[in-house]
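Q: Model the full structure from these sequences, guided by the hints.
Each chain, letter by letter, is given below.
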Amino acid sequence: MMNKPRHIAVIGGGIAGMETASRLAQAGYKITLIEKERITGGHLTQWSHLFPDSSDPAIVVSRLSSALSHQNIKVITSTEITDISKNGQYFNLKSGSEMSLNADAIVVTSGFHLFDASRKEEYGYGLFDNVLTSADLELMMKNEKPIRTASGKKPRRIAIIHCVGSRDAKAGNTYCSKVCCITGIKQAIELNKRLPECEIFCFYMDLRLYGSSFDGLYLTAQQKHKVQFIRGRLSEAAEKPDKSLQIKAEDTLSGRPLRMDVDMIILLVGMEPGISHNNFSRNGSVQLDENGFLKCKDVHAARNLTTQTGIFMAGTCICPMSVSETLENARSAALEVINYFERKM
Amino acid sequence: MNGKYFIIPFLAGMAYLFLILIVRGIRWISGLSKIDKLRLFQSLKSGRTLKSLKEAFVEGLLHRKIFLKNPVLGYMHMSLAFGWFLLIVMGHVEAMVAEGSLSVPFYMPIFFRYFKTTEDFPLARFFSFMMDLLLLFVLSGVGLAMLKRFKKSLFGMKRTTRLKLFDRIALTSLWLIFPLRLLAESIAAAISHNGSFLTSGIGKILSSSQHIELLNTPAWLAYSLVLGFFFIALPNSRYMHIPAEILFIFLRNSGIRLKKQNTTYTDVQVFSCSRCGICLDNCQLSTAGIRDTQSVYLLKNIRNKDLDDEHLFNCLLCGKCQIDCPVGIETIDLRITQRIESTRQYNSSYEYLEINSSPSAKVVYFAGCMTHLTPGIITAMQKIFETAGENYWFFDQEKAPCCGRPLMLAGQYEAASKLIENNSRQILASGAQTLVVSCPICYKVFKEDYHLFNMEVLMHFEYIRRLIDREILQVARSPQRLLYHDPCELGRGMGMYKEPREVLAMTGTLVSIRNEKEKAYCCGGSLGNLKIKQEERDMIRNQAVNDYLEHSPDMLVTSCPMCKKTFARNTRIPVLDISEIITRNMLSPGIPGLTESKECILEEEYI
Amino acid sequence: MKKTAKIKWADFNKEIADDNYYYLRSCIRQNFFPGSEKAFLDILRHNLHKTIFDDASHTTCAGIGYHADIVTFETLQTIAARHFSLMNERGIPSAVVSCITSFGIYSEILATWEEFPEEKEKIRAYLKKATGREFEVPENVVHSCDIIYKFRNEIAAQMKSPLINQKTGKPLKIVDHIGCHYSKMFPERGVGGAEFPKVLTGMITAWGGETVDYPERRHCCGFGFRQYLVKSNRSYPMSNSKKKFESMAPYKPDAILANCPGCTMFFDRWQYTLGQIEGKTYGEDGNGIPVLTYEELAGLVLGYDPWKLGMQLHQVDVEPFLDKMGVQYNPDDKYKGLNGKYINQPDFSGCLKV
Amino acid sequence: MPGELYERISQDIRFTEGLTACMNCGICTAICPAAEFYDYDPRSIVTTVQSGDEKTLKDLLESETIWYCGQCMSCKTRCPRGNCPGQVIQVLRKVSQETGAFTKSRKGRQQLLIKDTVGKNILKYGYCIYPATAYPEKHPEQGTVWKWVFENSHEVYASVGGNYQGKGPGTLRKIPREALDELHRIFEYTGGINLFNKIEEHSRKKALELGFRKENADPDMEVYTRFVENEQ
Amino acid sequence: MKDLDFLTSTPSRQIDYEKFDTRLLDSVLENETSFLTCMSCGGCTATCSAGNLTNFNVRKIGLMLRRGEIDQLSVEIEKCMFCGKCTLVCPRDINIRNVVLLIKKGIALLKTENILS
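Protein chains in written order, with the numbering used here: chain A, 1 to 345; chain B, 1 to 607; chain C, 1 to 354; chain D, 1 to 232; chain E, 1 to 117.
A couple of the hints might just be wrong.
In silico SDA-like pairs for lysine to any residue, Cα to Cα no more than 20 Å straight-line [to be verified]:
| hint | chain 1 | residue 1 | chain 2 | residue 2 |
| --- | --- | --- | --- | --- |
| 1 | E | K105 | B | Q261 |
| 2 | C | K231 | D | A134 |
| 3 | C | K231 | D | T225 |
| 4 | C | K129 | D | A179 |
| 5 | A | K30 | A | T77 |
| 6 | C | K308 | D | K214 |
| 7 | A | K226 | E | K105 |
| 8 | C | K6 | A | I275 |
| 9 | C | K8 | D | R81 |
| 10 | A | K193 | E | L36 |
| 11 | A | K224 | E | P91 |
| 12 | C | K8 | A | K30 |
| 13 | D | K94 | C | E119 |
| 14 | D | K94 | C | E74 |
| 15 | C | K8 | A | G126 |
Rather than coming from a laboratory, the hints here were simulated on the basis of the structure.
Every value quoted in this text rests on a predicted model; they were computed, and no experiment measured them.
A: If you want it as C-alpha cells, here you go:
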C-alpha cells in the first residue's frame, strides 16, 4: 500500500470535477479541487431543467457538493490555473503569481464554453431584444420568471433554432454539439407548458436524438405540445418596427423559401472548448484535437488520458456531453487515475 | 251508453297512425325507381307474396331470428308482438261471437269488457279465459322488457340503445297499455263479474273499494289515452319499425336492392330497424371502446339526419352486424351508400392514368397494393406460377393503379370506376382467361364491380387448388396445427369459408374454433374504417389473437395480406398466408419427399 | 473544410491605405452618376489632400459581362491583371475601386490567386502574350466608400451641413444599402464584415444622421445582371426592389444611401417605374425616397453644389432631402449647363406624375 | 454515373471553390432573391450537381433553372460549409454555353442578347454600359430623366464635370486606342472571343432549327433576336 | 397607369407564414391528431401506389396543408387512390387516409363557400 497519500489536483469544479474528486477521495487520495468561479457546480448552477426527465439540476449539484465535504478534499475557488509544468515527478500548477501547487497527477475537468451567439450576427443576438440563447431561457425559467418579450408581452410565436455555432464553418466549429437537439425539444416542451397558447417552431437540419428516450420526447413534443418542426437552417433574423422578428429559412422539404414573424427566438448554442484549454496546452503539456478540445490518447480505449502521462481529463473538456455522460466519464477518469497509481507501485 | 267518449283518444291516435302510415307507404313506394316498382308489382302477383307474408309472420311476430340468437330476448319480443296480435285476433272473434255479427266496430274488441258487461254469448267463459291468458302472456313480455331496460345483463346483452323523446313516450305508453288494460278489465270484472282467472281475481281485490264504479270510466279512459299516445308516438319512434319491416320484407322479396345513392328503399330499411341492439354486441369496435358508430346508431343518425363523417367512417365494414340483424338490414351496403352520398362532391378523375400495352398471357396476376407490402406472398405466388410453368403476366409488378376497392370503401364510387375502367381495359387486352388475385379486397371488387366478360376471377387458393387437383403442384402434409383466420372481405363479404380450408387441410391440420366463418373476428386492419386510431386497431386485433392463442395453433393462416400485416404486428403468434404455407410444403418437382418446413421464418417486410 | 476565424465581424476593420491611390472607375456610375466620381476625386484632392491618380488607360473590368456569363473567368482575370500592370507602371500600390461589382471581382481574383497560385501564373502568361505586360498584385485594394469611411471624421471636421433636419433639429433618418459584392462573398474585405457592414452607417452617424435597421436591409436590390439586362426578365429586379421599399417604408427614411452604383441607380429608377405602373410611392407626400451615393452625401455635407454633384440626374427628386438638410441651392440652376446655359429639361422628374 | 459533363464542370476552379459537400440545410435558398420569384432552389441545384449523374446534369444544363440566379452571391455569406452555389451556377452556365445546351431553354437563349449588347459595348467602347447604347425605348424603366440625359448627353455630362468621349482621363472619356487594342487581344487570347463565337454559332443553329431563315438559307438573326427578346 | 412593357412584379414563391388561411389545417388537426406527429420521413411517398404512376407526393400533401398552400393542395390531393399503403408503412401510425379524406372534404367545403375556385 501507499506510504504517503498521493495528491491529485482536479482543475475545474463543474460536475465532472466534483464527481472525479469525490470518487478519488473515497479511494483514499488527497484531492485539491480548483475552481475559477466563486462557487462549484459549473454551468449546471445556471440551468433549470435536465433532459429527458425535466428534473432539477440543483439536485445533482447538491448531491455532488455534499460529497465534496470529504476530509481528503480541499476546494479552492476563485482561482484559475494559468500554467501547468512538469517538475521531476511532480506537476506544478500555477495561478498567476499568487498560487503554486504540486501534485502527483492532474485531472483536467475544465468543461466547455458556450458558443457566443453574437458571433452569428445574422441572428441578431445582442442586437435585437427578443433574441435569446438556450442558456438565457434556462436562466429565465430557473428564476421562475414568466416568459415574456422584452416589452413584457406574452409571445404568440417562438422559434427555436438548432445548430447555432455548431456544424458551421462560418462559426469555426464544424462538429455537432450533440446535446442541443434534445435540449431544444425539452425547452420547446417547457415553453409550451408555460405558454399553452404560443406556437412553437423548431428549425433543424437533422434531429440528432441519440438517447433511447429522446425520440419519445420528440414525439411527445409533437403530439402533446403541438411543437412544429421545420427542416431548414435559419438564414437570418431581422427586427420589425414592433420588435417582433422576421426570420428566413428554407422549408427544405417543400423546396421553397419561408418567412415567418416570431415574437422570440431561442438560439440553441453549442459547446465550444473551454478558453482555459489554451493555458494547459501552451507549453505543450497537453495537446488539443482539431476542434480545440483536449486530445485523447486514444478515442476508443483511453478517452480519459491526455497526451501527457499523469494528466487525466473528464467531462466536456473532451467533447460535448450530457450530464449523465459527464458523470459516467468522471467516474471512469477516477478509475484511470487509480489504475495509474496502482501500476506505478 | 254514457262515457263512451273515452274512446276518442284511441280513435284519434288510430286515425293519426293510419294517415301517417298511408302517406309514408305511398311516398316510399312511389319513390322507388320505375323498374323497382315493376318488380314489386310483379312479385305481388306471384307466389312471392305468400312467402313475404310468411316471413312477416315468422320474423315480425314470432321473431324467429332473435329467438335463435337469444331465447329470452326472443320470448320478450314474441310475447309482445305475437301476444298482442293474438289479443287483437281473439278479441275480434269474441266480439263477433258476442254481437253475432261479422261486422263489429273495430274499437269494440279493444274495449270489449267495458261495452259487454254480461257473459250471455256462446263460449263467453272460454273467451274470457283465453283473453286473460293472452293478456298475461303479453304482460310477461312487458315485465321482461322493463327488466331488460334496467338490468340488461340478464338478457346476455351488454348494451342497449339510447332513447329519445318520442321513443320514451312510445315506450312508456307501450309499457302502460297492458297493465292499464288489466286494471280496466279488472275494474270491469269487479263491477260486472265477467273476467276470468286474472281479471276477476284482481277484480275481487278491487271490489273491496267502496267507489269502484267511479273508477271504471277513468281506468278505461287511461287505457284509451295510452293507446292513443302510443299510436301517435309510433310513427315518430322506433316502433315505426313494425309497419316498415313488413313493407321491407315485401320489397326485399320482390328483388329490390340498395343502390349507389339513397332511394326510398334506404328509408324503408332505415325505418325497419327496431333498435334491438343485437348489432352492438357483435361489433368489435366496442372492444376498443368505440360506442357510438355502430349500425344501429348509423340508422338512427340517418333517420334523424344528423350523420357526420366521424361516425359514418368509423366502421370496419366487417359485416358482423349484418349477419345477426333480425330484420335483415343490409348494414354494410347501407353505410357504403351513405359514404358515397357524403363524398359525392369530391371524386377524383385520375387524369394521369395511362393505358399501357399489355403482353399476352394466359393468366393475369394482380397482387394489389396490400400484397406489395407483404413480399412473402408475392414471392410465394411467383414460385407457384413458375412451378406450374404458367404463362402469366404480373400486372402490377412495376406500376399499376389500385384495384378501386379501398376507394369504394371510402365512398368514392365514381373515382373507383375510373380505376376499374383503366385496369379492365389493360387486363382484357392481355387476352387471358383467368385473373388470379391474392388479396380479398381486390377479389371482391373484381368479382362484383369489374366487367371482365368471360374472364374468370380466382382467389390465389382457388388457383392453387386447381393446380393440386391437376397434380401440377404437389404438397406434403405436415403435422402443423393451422388456425385459419377468415378475412372479412372474403368470408362474410364473399361467403368463401370452405375453399381455403380445403386447401389448407391438404397440408396441415386445421384447428376449428367457435369464432370462425360467419362469426370470425375482424383483424382490425380494415380499410373500411378511416377514423379508427391505431391503438384501437391493436385492441381489436389482440382480442382475436388472445382467442386464437387459447387453441394453441402452430400457425395462424390467412388469405389476406392486410390481415397478415395486422397480425404480424402482434408477435405472439406466427402468421402466414395460404400461398406461403403451400410453397413451404410444396414438393419440388422431380425430387419426391418433403421439403423441409421451417417452424417460423420471419420474412423481410417493407416496414 | 473551409473554416473562418472565430471573430466577431462587428469589430472588424479592414486595412485601408492612407494615401496615394490609383482610381478604377465604374461603368454604371459614370453613366448614371457622373458627378459622383468627379466629387470623389475633388473631395480626396481638395478636402482631404490626398494623391489619387485618374488614368485614361484603364478600361471596364468587364464584370457585368462576367456575371452575365458572356465573359470568361480567364478574360476577366487578365483584364484585372492589365489594370494591376498599369498601377505597377505608375508605381502606385493601392487601388481604389469605384464599382462594387468590380470590387467584388478584384476580391474574387485575389482570393483565387491566393488559393490557386497556378491560376495566377496562367493569367500572367495570358497577359504577357496579349499585351506584353507584366504585373504584380497591388498591396491594397479597397472600394472608394472605404476611403470616405476612413476619413469620415476628417470630413465631419469640415462639415458645412450636418445630417440634421433643420426644421425639427432631429437627425435625418437614412437607410443604408450595401451592394452584395462588397462583402457578402468575402466578409474580411468589408468594414464590419458581411452581415452589418459599418461602412455607410459609419459615415451617416459621423455626420450627424441616424440609421435604421429594417427587415429586408440585407436583401439584394435585385439587379441580377442578366435579370436586368434582358428586358423580359426585368420583373425580377423590380420585385426585389419593391420588397425592400415595402420593408423600409414603415420606418419613414429621409433617404436611401447605397455604396453600389447599380443599386443606387435601381432604387432611383424602380421607384419611378413602380409609381408609373402601380401608382404607388414609398416616400412622404406621394414622393419617392431620395436615393444618394455616398460621394453625393459627402459632397452635400461638405457644402458642394448639388447640381455640380449631378443630383439633377436622379429620377427621384432630391430637393426634399436638400431642404431638410438645409443645403443652399438654386432651383433655377438645376438644368443649366457648363456656362450657365439652359440645357433643356426632362418631361418631368419624380415617381408619380399626377 | 459521373461522366464527361461532370468532369468538365469539376475542372473549373470556381467549382472546386464553390462546392465542398452540401448538407442540404437550405440556408442559401432561404435568402436567395431568385428563389422567391422564380421556381428556383439553389440547394437542389447543388444537390443535383453533387449527385454527378450525367443525364440529370444534361437536363440541368438545358433547363431554365440555371438561368434564374441573379449572381448576388448572398448564398456564399451564409453557407455553413463555406460553399457558394452562385459560383456553381456560373460554371453550369459556362458549360451550357460551350455545349450549346443554353439554346434549349428560353432564358438560356437570351445569352445572345447579352452578348450583342454588353459584349459589343465592351469591345467597342471599353465600357460594359455606354450612354450612346442605353436607348430609352429599350429602357422605359430608366425614366424621363434618363431620356433627357440621353438626348442631351454631351451638355449634361459636361455640366457635371464629365469628359464624355473626350481625350485624357475623366468620366466617360474615350478609351485610348492602345488600351482598346490590348483589351481586344486579351479577349482573343483568353477565350473571350471564342465564347462570343460559340454563343453566336449555337444561336444560329437554333434560329435555323426554328425556321428563321433568310432567302439565301442563312439564319435570319434579326428575326431570331426579336423572337428571343419577346419570348415569354 | 402606364404600361412599361414588362410585368410589374412577380408573385412571391416564398411561404409567408403571416398570410395563410389555417382553417383547413385546423379542421384536419382537430379530427386527426395523429397528423401532428409526422416527421417527414417520406415512407408514405416511397410506397404510394399513385405516386408510382405520377408525380404525386403524399409527404408534400401534409406540408402543403401545414404551409397553407390550399390551391396547390386541391389539385394534388385528387391524385390519391386511398389504397392505404401509406398508412401501413407510416412509422408514426398516422392515419393518412383520414387526413386525405378530411382534406378532400375541407376543400369541397371551401369551394362551396367560394373561398377556393
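Q: Could you run down the list of hints and mark each one as holding or not?
A: Quick rundown of the hints versus the structure:
no., hint, in the structure
1, E:K105 to B:Q261, "holds (18 Å)"
2, C:K231 to D:A134, "holds (12 Å)"
3, C:K231 to D:T225, "holds (13 Å)"
4, C:K129 to D:A179, "holds (15 Å)"
5, A:K30 to A:T77, "holds (17 Å)"
6, C:K308 to D:K214, "violated (52 Å)"
7, A:K226 to E:K105, "violated (23 Å)"
8, C:K6 to A:I275, "holds (13 Å)"
9, C:K8 to D:R81, "holds (18 Å)"
10, A:K193 to E:L36, "holds (17 Å)"
11, A:K224 to E:P91, "holds (18 Å)"
12, C:K8 to A:K30, "violated (43 Å)"
13, D:K94 to C:E119, "holds (18 Å)"
14, D:K94 to C:E74, "holds (12 Å)"
15, C:K8 to A:G126, "holds (12 Å)"
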